[in-house]
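Colleague: Sequence:
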Amino acid sequence: MYLFFEEAGDFKAGTVLKKDGANYQVELTTGRRCKVKANHVFFEFESPSAATFLTQAQETAAEMDPMFLWEVAPEEEFGYESIAADYFSSVTAVEKGAALIALHSNPVYFYRKGRGNYKKAPEDILQRALQAVERKRLEEERRKNLSAQMIAGELPQEIACRVYELLLRPDKNSTEWKALNDAASEVRMSPLRLMMKLGAVPDAFTWHVESFYRTNFPKGKGFTQAASEVPAAPDDLPEAAVEAFSVDDSSTTEIDDAASVTHLEGGKSRIGIHIAAPALIMPRGSVADESARSRMSTVYAPGMKTTMLPESWIERTSLDEGKCVPCVSLYVTVDDETMAVQATETRVEKITVKHNLRYDLIHEKVTAEAIEDGTLEVPCAHEIGFLWRFAKARLAEREERRGRPEPTGRIDWYLELEGEGENLRIIRKGRARGEPLDLMVAELMIFANSTWGLWLEECKTAGIYRSQRMGRVRMSTSPGPHDGLGVVRYAWSTSPLRRYVDLVNQRQIICAAAGTAPAYMGNDSDFYTIVSQFESVYEIYGEFQRKMERFWSLKWIEQEGLKEIEAVVIKGDLVRVEGLPLVQRIPGMPELDRGRKVLLGVLGFDYIDVLFEGKLLAVLDETDEEALEEGDGLEEESEAVVEPQAAEATEQNAQVTEQSPETVGGEAPSV
Numbered sequence: 001m002y003l004f005f006e007e008a009g010d011f012k013a014g015t016v017l018k019k020d021g022a023n024y025q026v027e028l029t030t031g032r033r034c035k036v037k038a039n040h041v042f043f044e045f046e047s048p049s050a051a052t053f054l055t056q057a058q059e060t061a062a063e064m065d066p067m068f069l070w071e072v073a074p075e076e077e078f079g080y081e082s083i084a085a086d087y088f089s090s091v092t093a094v095e096k097g098a099a100l101i102a103l104h105s106n107p108v109y110f111y112r113k114g115r116g117n118y119k120k121a122p123e124d125i126l127q128r129a130l131q132a133v134e135r136k137r138l139e140e141e142r143r144k145n146l147s148a149q150m151i152a153g154e155l156p157q158e159i160a161c162r163v164y165e166l167l168l169r170p171d172k173n174s175t176e177w178k179a180l181n182d183a184a185s186e187v188r189m190s191p192l193r194l195m196m197k198l199g200a201v202p203d204a205f206t207w208h209v210e211s212f213y214r215t216n217f218p219k220g221k222g223f224t225q226a227a228s229e230v231p232a233a234p235d236d237l238p239e240a241a242v243e244a245f246s247v248d249d250s251s252t253t254e255i256d257d258a259a260s261v262t263h264l265e266g267g268k269s270r271i272g273i274h275i276a277a278p279a280l281i282m283p284r285g286s287v288a289d290e291s292a293r294s295r296m297s298t299v300y301a302p303g304m305k306t307t308m309l310p311e312s313w314i315e316r317t318s319l320d321e322g323k324c325v326p327c328v329s330l331y332v333t334v335d336d337e338t339m340a341v342q343a344t345e346t347r348v349e350k351i352t353v354k355h356n357l358r359y360d361l362i363h364e365k366v367t368a369e370a371i372e373d374g375t376l377e378v379p380c381a382h383e384i385g386f387l388w389r390f391a392k393a394r395l396a397e398r399e400e401r402r403g404r405p406e407p408t409g410r411i412d413w414y415l416e417l418e419g420e421g422e423n424l425r426i427i428r429k430g431r432a433r434g435e436p437l438d439l440m441v442a443e444l445m446i447f448a449n450s451t452w453g454l455w456l457e458e459c460k461t462a463g464i465y466r467s468q469r470m471g472r473v474r475m476s477t478s479p480g481p482h483d484g485l486g487v488v489r490y491a492w493s494t495s496p497l498r499r500y501v502d503l504v505n506q507r508q509i510i511c512a513a514a515g516t517a518p519a520y521m522g523n524d525s526d527f528y529t530i531v532s533q534f535e536s537v538y539e540i541y542g543e544f545q546r547k548m549e550r551f552w553s554l555k556w557i558e559q560e561g562l563k564e565i566e567a568v569v570i571k572g573d574l575v576r577v578e579g580l581p582l583v584q585r586i587p588g589m590p591e592l593d594r595g596r597k598v599l600l601g602v603l604g605f606d607y608i609d610v611l612f613e614g615k616l617l618a619v620l621d622e623t624d625e626e627a628l629e630e631g632d633g634l635e636e637e638s639e640a641v642v643e644p645q646a647a648e649a650t651e652q653n654a655q656v657t658e659q660s661p662e663t664v665g666g667e668a669p670s671v
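Residue numbers (the numbering used here): 1 to 671.
Heads up, a few of these hints could be off.
[Claimed, not checked] Below, in silico cross-link-like pairs of lysine-lysine (DSS-like), each with a Cα-Cα straight-line distance of 27 Å or less: (1) Lys615 with Lys571; (2) Lys35 with Lys18; (3) Lys37 with Lys18; (4) Lys305 with Lys221.
[As the list claims (entries may be wrong)] Across the chosen pairs, the derived CB separations fall in these ranges: (5) Pro283 with Ile608: 40 to 46 Å; (6) Ala432 with Gly604: 28 to 34 Å; (7) Glu578 with Gly374: 32 to 38 Å; (8) Gly419 with Arg214: 24 to 30 Å; (9) Arg214 with Leu155: 18 to 24 Å; (10) Ile608 with Glu71: 53 to 59 Å; (11) Leu424 with Lys460: 49 to 55 Å; (12) Gly114 with Thr30: 23 to 29 Å; (13) Lys365 with Glu418: 21 to 27 Å.
Everything labelled a hint here was simulated from the structure, so no lab data went into it. Just so it is clear, the structure is predicted and the values come from calculations on it, not from any experiment. Glycine residues also receive a C-beta, built at the ideal position from the N, C-alpha and C atoms.
Put together the whole structure using the sequences plus the hints.
Modeller: Structure, rendered in structure tokens:
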């Protein structure tokens, strides 16, 4: 005797071995034995065999027309035996089983009301359900067609017009995504690589740029008209009686800072550090402020820049040569001989910058020898020499406080692009740490940021600080020392045209100088939110910059036709390529000491993952001593805990432990 029953939602048939009261001992067609309760049994039968019965019942059920079954079914609840009797002329065990399977397999037509009992769906509901089933069938057919086209090397228009949406923010229930995913799995590629192969994404460069901007600038890179409107500056600001100059790269448009030197009586001089003052005319919560806050920083990468502020704001507030614009000035009275700082003063005023010097045009002339010999022939030569002496004194103080000398001499490499399309050339340039202009710029900015950070605390005015203890750099609203720089307090304040944190701190500085209530109180929850948002966004921008620097580094290697390159071991298989802002892992590298130089073979390039395929050719008998000195920074880098500078080159020379050695570029140092 055989049994047709239900187990765990499945219909099964087996041979009855034993019946014990209300239970059966059954052997399934698979050979497995199980106990079946009587209330799970549909019926017993003598023939055919269990295996044959189940096969024939399923085949017969597949041939039964569910619509005809629905039409002949009564309106009230019914059992499978009655529908089998109506459908078949003479009902066998196979036909009873087929009727039950057919009813159970068509839930659109029939609702289950208990074991073996069903009720047909109302006609209006059935029609809607059938329409849905048909739509699903057509979508499934469309999915297969789209997938087949892509597998065959064709790009469907439905995919091409939504390619970035599918790759960046896919609706994984959409037919297009399912088709793309199916095709990618079939050809054993990632969806991105398949799209590139089919031409939907032209090249890796386009992908990196488009994916970044579509993700982080969903409304586009432009500004609204309201955000671009610049209010007039106060007309009662005193004008500084100084001859100020700035030092920036030729491509720089956001000139945040300038410097001046005024000699006083009694062997003293007054150094002025002048910072552009957009915060003076940009109230908290204004349209322009909200726009700047949404961006948090200017975005830099080789060959591109997306500013934090609209062009109209930059034109009105940048410290451009010959323009009288508002500024926040830090005046430092120093002894001409010892360069000891005797007093500092903060003023809100306006200034006319006399010279916008260009770093790339004069830096080779500005040498320590030329300054000391008095043979320096560039505009503001005397002021540059005086500020260089001031910078050396400040550096010595920081080195004493931090307990170790500042690494100097190492070249920070960056890349510039010239031309377009087939005529594009990648130009590699370097900036040596510790050169007079770099040292002057770095120390002026560090001094201003540290002085204002401490001053805000003394004025009991809230500020956003950068601190470093135990090697970890963090931003917070709580003042703390910065061990890496060797300063008591440090608050970014010198780049308000390019960083929102500096803009916020400048508001606080202006209020403190005026003796008015600060724009932000220390317990303002919005203040904490700004810190959190800034760190998150700044890291994203920094990673984009580093990625594009790696991308163009690979392109430069290919452009130059290099098959071998030297690198310095950072930690394990992580290396820094010599002469490029490029750090990556080389699988299979043996364990070598940090700073050891190696020779790598270049086997190929992956511009999507931004890596080169390399192998170790030789371990060189050289060690990068500067890499050993910069151990803390390299350790941070090896753990991917690197500070994105986004072209904050003004502090490169002093912030070894704050930034990854490869992060350079975007803009030259500025003063």
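Colleague: Compare the structure with each hint and give your call.
Modeller: Structure-based check of all given hints:
Between Lys615 and Lys571 the alpha-carbon distance is near 16 Å, which keeps this suggested pair within the 27 Å criterion. A threshold of 27 Å between alpha carbons decides the hint, and for Lys35 with Lys18 the separation of about 10 Å falls inside it, so the pair holds. Between Lys37 and Lys18 the CA atoms are separated by roughly 12 Å; this keeps the pair inside 27 Å, and the hint holds. Among the hinted pairs, Lys305 with Lys221 is consistent with the structure: their alpha-carbon atoms are about 10 Å apart, no more than 27 Å.
Checking the proposed 40 to 46 Å range against Pro283 and Ile608 shows it holds: the Cβ atoms sit about 44 Å from each other. In this structure, Ala432 and Gly604 meet the distance hint of 28 to 34 Å, their C-beta atoms being roughly 32 Å apart. For the pair Glu578 and Gly374, the beta carbons lie near 37 Å from each other, so the given range of 32 to 38 Å is met. For the hinted restraint 24 to 30 Å between Gly419 and Arg214, the CB-CB distance of approximately 26 Å keeps it satisfied.
Our hint of 18 to 24 Å for Arg214 and Leu155 holds, since their Cβ atoms are close to 19 Å apart. In this structure, Ile608 and Glu71 meet the distance hint of 53 to 59 Å, their C-beta atoms being roughly 58 Å apart. The supplied range of 49 to 55 Å is met by Leu424 and Lys460, whose beta-carbon atoms lie about 54 Å from each other. For the pair Gly114 and Thr30, the supplied restraint of 23 to 29 Å holds, since their beta-carbon distance comes to about 28 Å.
Separation of Lys365 from Glu418 is about 23 Å and conforms to the stated range, judged on CB atoms against 21 to 27 Å.
In this structure, every one of the numbered hints holds.
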